[in-house]
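Trainee: Residue numbers (the UniProt record's numbering), protein chains in the order written: chain A, 1 to 332; chain B, 1 to 304; chain C, 1 to 211.
If you are wondering where the hints come from, they were derived from the structure by calculation, not from laboratory data.
Given the structure is predicted, the values throughout are model-derived calculations rather than measurements.
Check each hint, because a few of them may be wrong.
[To be verified] Per label pair, the in silico range of CB-to-CB distance:
| # | chain 1 | residue 1 | chain 2 | residue 2 | range |
| --- | --- | --- | --- | --- | --- |
| 1 | C | Leu153 | B | Gly280 | 53 to 63 Å |
| 2 | C | Ala60 | A | Ala55 | 17 to 27 Å |
| 3 | A | Gln306 | B | Val134 | 33 to 43 Å |
| 4 | C | Gly30 | A | Cys274 | 51 to 61 Å |
| 5 | A | Pro111 | B | Gly108 | 24 to 34 Å |
| 6 | A | Ala78 | B | Glu89 | 40 to 50 Å |
| 7 | A | Arg207 | C | Glu99 | 35 to 45 Å |
| 8 | B | Gly189 | A | Ala303 | 48 to 58 Å |
| 9 | A | Glu255 | B | Arg79 | 20 to 30 Å |
| 10 | B | Pro51 | A | Gly244 | 51 to 61 Å |
| 11 | B | Pro15 | A | Asp85 | 48 to 58 Å |
For every residue, glycine included, the Cβ atom is placed at its ideal position computed from N, Cα and C.
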Amino acid sequence: MNPFELICPAGNPAALRAAVDAGADAVYLGFRDETNARNFPGLNFSRAELAEAVAYAHARSVQVFVAINTYPQAGNLAPWQRAVDDAARLKADAVILADLGLLDYAARHHPELRLHLSVQASAANAEAIRLYRDAFRVRRVVLPRVLTVPEIARLNAEVDVETEVFVFGGLCPMAEGRCSLSSYATGLSPNKQGVCSPASHVRYEPRGAALASRLGGFTINVFGAGEPAGYPTLCKGRFVPGGGASADPAYLFEEPTSLNALELLPDLKAAKVCALKIEGRQRGKAYIAAVVAAYRRALDAFARGQPVPSLDLDAMVEGGSQTTGAYTRAWR
Amino acid sequence: MKPTLTLGPVLFNWPVQRWRDFYARIADEAPVDAVVVGEIVCSKRAPFLAPVMDEVIGRLAAAGKEVWLATPILVGSDRERTAMRDLLECDLLPMEANDMGALALLEGRRHAVGPFINSYNEATLAWLAGRGAVAVSLPAELPAAAVATMAKMGTALGLSMEVQVFGRAPLAISARCYHARAHGLHKDGCQFVCGNDPDGMPVSTVDGQPFLSVNGTQTLSHGYLALAAEMDRLLAMGIRRFRLSPQDLDMVAVAKAFRAVLDGERSGPDVVAELRRMTGVPLENGFFHNMAGVAYAGAPAPAA
Amino acid sequence: MHDPGPMVQEHAPEDQARNVEVRLTRAGLGLARRLGDGAGGLLLDRLLRILEARHPRAFAALGELPDARLLIDPVDAPAALLLRVGPGLALRVCGRDAEAEATVRGPCARLLDLLEGRIDGDALFFRRELSIEGDTALILALRNTLDGEEMDLFADIAAAAGPLRHALPVARRNAGRVLGLLGTARRFAPPPLRWGMAVLERRLSGPRQGA
Chain A
1 MNPFELICPA
11 GNPAALRAAV
21 DAGADAVYLG
31 FRDETNARNF
41 PGLNFSRAEL
51 AEAVAYAHAR
61 SVQVFVAINT
71 YPQAGNLAPW
81 QRAVDDAARL
91 KADAVILADL
101 GLLDYAARHH
111 PELRLHLSVQ
121 ASAANAEAIR
131 LYRDAFRVRR
141 VVLPRVLTVP
151 EIARLNAEVD
161 VETEVFVFGG
171 LCPMAEGRCS
181 LSSYATGLSP
191 NKQGVCSPAS
201 HVRYEPRGAA
211 LASRLGGFTI
221 NVFGAGEPAG
231 YPTLCKGRFV
241 PGGGASADPA
251 YLFEEPTSLN
261 ALELLPDLKA
271 AKVCALKIEG
281 RQRGKAYIAA
291 VVAAYRRALD
301 AFARGQPVPS
311 LDLDAMVEGG
321 SQTTGAYTRA
331 WR
Chain B
1 MKPTLTLGPV
11 LFNWPVQRWR
21 DFYARIADEA
31 PVDAVVVGEI
41 VCSKRAPFLA
51 PVMDEVIGRL
61 AAAGKEVWLA
71 TPILVGSDRE
81 RTAMRDLLEC
91 DLLPMEANDM
101 GALALLEGRR
111 HAVGPFINSY
121 NEATLAWLAG
131 RGAVAVSLPA
141 ELPAAAVATM
151 AKMGTALGLS
161 MEVQVFGRAP
171 LAISARCYHA
181 RAHGLHKDGC
191 QFVCGNDPDG
201 MPVSTVDGQP
211 FLSVNGTQTL
221 SHGYLALAAE
231 MDRLLAMGIR
241 RFRLSPQDLD
251 MVAVAKAFRA
261 VLDGERSGPD
271 VVAELRRMTG
281 VPLENGFFHN
291 MAGVAYAGAP
301 APAA
Chain C
1 MHDPGPMVQE
11 HAPEDQARNV
21 EVRLTRAGLG
31 LARRLGDGAG
41 GLLLDRLLRI
51 LEARHPRAFA
61 ALGELPDARL
71 LIDPVDAPAA
81 LLLRVGPGLA
91 LRVCGRDAEA
101 EATVRGPCAR
111 LLDLLEGRID
121 GDALFFRREL
131 SIEGDTALIL
141 ALRNTLDGEE
151 MDLFADIAAA
161 AGPLRHALPV
171 ARRNAGRVLG
181 LLGTARRFAP
191 PPLRWGMAVL
201 ERRLSGPRQG
211 A
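Kindly generate the complete structure, drawing on both the sequences and the hints.
Mentor: Quick look at the structure:
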């Protein structure tokens, strides 16, 4: 029996089939609206598509989790509550929530529905996690990407709740769900609209052989000729600390880099983490298939006590480089 | 209920002497009703303030200010958890919770919900009120329509509803220290370089455009959020607490100006003009007007 | 920009097939360009209709987008494509300086990979193999919509277009030989447009008009 569940992203039905076929234990997805934190144009699932996705996944013993992880708009709670109702009705295996009011709604109206706490709730300590568990019967917590592995281990020793951690993909250097950088520059935020640095406000400008990325009127990076590029997210931009102009701007917050915690599998197992999550509902099905298959092979080898094959995924990831991020906290 | 002014906690790493003198002057001169104190950004800074904390609290209380203790924004490491637990052992003062862990520990005690807990809608307010919160300070990124709905529903739930009307908007918190990183240092050996920037470290874009402000592990707006011209609207919505976040300028003058608006002695736009004279930092109100937070929207024409 | 050449011997059959498809696409673009908007337009209209019949979900989504033009520029092909999304969904051959709300540029093979969801668009962008300009949201919407389909451009065309129905699978199986044939064909292809137009119109309108 494998010590970890492998939780994989799907931005559309084709990606869901790719993830299921490549060996996911569960697939997480969102509805096509502002109720989820990957509310990007052309992405996500209608109700009918969720029904088909659940049928496809369940027929192959794969679970489906529905992320309803933005913060419901004041005076307009219905779309979020309906999303929870529909996920329950369409037999999703769990909903992934962040908002206190919505957790309260789900716990009261759908006592049988399994609740997971989204990373967007940024529950980073045992006291907070215990509160979510006791108040709403949250069964699993997706941990924010600010904790070290020893901190995760102590947390699991203290609180009786399943923990899920991100092991691969994009990386927020900020505490998730507590960041307004995007809405500061564009008016649209992860918490409210489910978008970070939205494409509608992104422009790429050639500057000679270089490429400038602009967000809402601010130049957030200039990539030299042939230099690997990154997402146009503010926290992965180059800036001038201290202000003014500089010929040598710096990655003040984080380099365009991608999380890969594969080498930490033994530590994560010892820390009693129950599920490993791959980021990337916005990525194409080719990426999903490649990453999920690679992680499946690695987890199977790990479960058999064999050497874990390294992943040849550099070409797929942001900035063409990978990091173990907060888990080993190199910046301390 | 009479509208009140709250002075939020000092977010920056000021030398302890300066920190103490600041609060002494606030106690003596600033027409604020409530003062929230505490080091909420970085647990490494807290020991420097500890020796004068009792003195500052006593002085503010003696001046008739309602004093609240604020809990840290991000509590993840063992050091941060211990600091939070120690802080919450003080049961002489009401607490403002800025993290769900602190909120958990405050059950059954008089407490406020700070702006760093995600209160985005009336369902969340109802849940918070049901657990004993008496006041909620709203996140800076909420637009006017959300503020209006929440002010109405929150007031009906018995909550005192607060909005930040002055000071850099808090935009993000991290486990990493960007001050240390910018200086090529690790967080553990940071040399407290954040102390060099009493109003935050300016951050500009590659094109030299002023953009953000870094305060250790926290990222703030470059401009000062200023809702002086929106005070009448906020009052009409039912907001009764108005938060001023300390910056490196004459906060007594800022408090007097906002007090004058609440007392009907000065107009909001008049105070905006004064703020512009006091500082070269741009003013921002975009979040409230449902625009990019960085924007400043002129007040809409009064309804005919 | 440089053409890697056929290099058929070193590649797996899949790559050989893609190589043929790239050649066919480039030749098709060149031909459509020479044909002009009349017959060339007919060719592309037909292509869109074939794809629409096989991928109704994606085409419904494209039709619901706000009216906008996307310039798709395979930098190693003789011409570019202008895709109009929204209610007036259309595809036309154009010059690479055509006016559009958004532009995607990249090697022909990569654009075909992207269209068929064989490769991840973000990864291409990170590696700077793909460049985008203009309305980023439009490009993302198109990318995400197409990625939601299991699209195989040449199989789709082959399944629908009469004369190609048999030719394409054969071409894929015999990639090396067909490349040679294509090269020969190009050398012998007469430049005058009249010839190409007549042949193409016959081939294109044939199956649909039940001839």
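Trainee: A separate judgement is required for each hint: does it hold in the structure or not?
Mentor: Verification of the hints:
1. Remark: the range hint 53 to 63 Å for C:Leu153 to B:Gly280 is upheld by a beta-carbon distance near 58 Å.
2. One distance hint, 17 to 27 Å for the beta-carbon pair C:Ala60 and A:Ala55, holds here, with the actual separation near 22 Å.
3. Distance hint check for A:Gln306 and B:Val134: the Cβ-Cβ separation is about 58 Å, which falls outside the suggested range of 33 to 43 Å.
4. For the pair C:Gly30 and A:Cys274, the beta carbons lie near 57 Å from each other, so the given range of 51 to 61 Å is met.
5. For the pair A:Pro111 and B:Gly108, the beta carbons lie near 25 Å from each other, so the given range of 24 to 34 Å is met.
6. The hinted window of 40 to 50 Å between A:Ala78 and B:Glu89 holds, with their beta carbons roughly 43 Å apart.
7. Between A:Arg207 and C:Glu99 the beta carbons are some 21 Å apart, a value that contradicts the proposed interval 35 to 45 Å.
8. Distance hint check: the CB atoms of B:Gly189 and A:Ala303 are about 40 Å apart, inconsistent with the given range 48 to 58 Å.
9. Here the CB-CB span from A:Glu255 to B:Arg79 is close to 27 Å, well matched to the stated 20 to 30 Å.
10. Between B:Pro51 and A:Gly244 the Cβ separation comes to about 37 Å, which falls outside the hinted range of 51 to 61 Å.
11. The beta-carbon spacing between B:Pro15 and A:Asp85, approximately 55 Å, falls within the hinted interval of 48 to 58 Å.
Hint check: violations occur at hints 3, 7, 8, 10; the rest are consistent with the structure.
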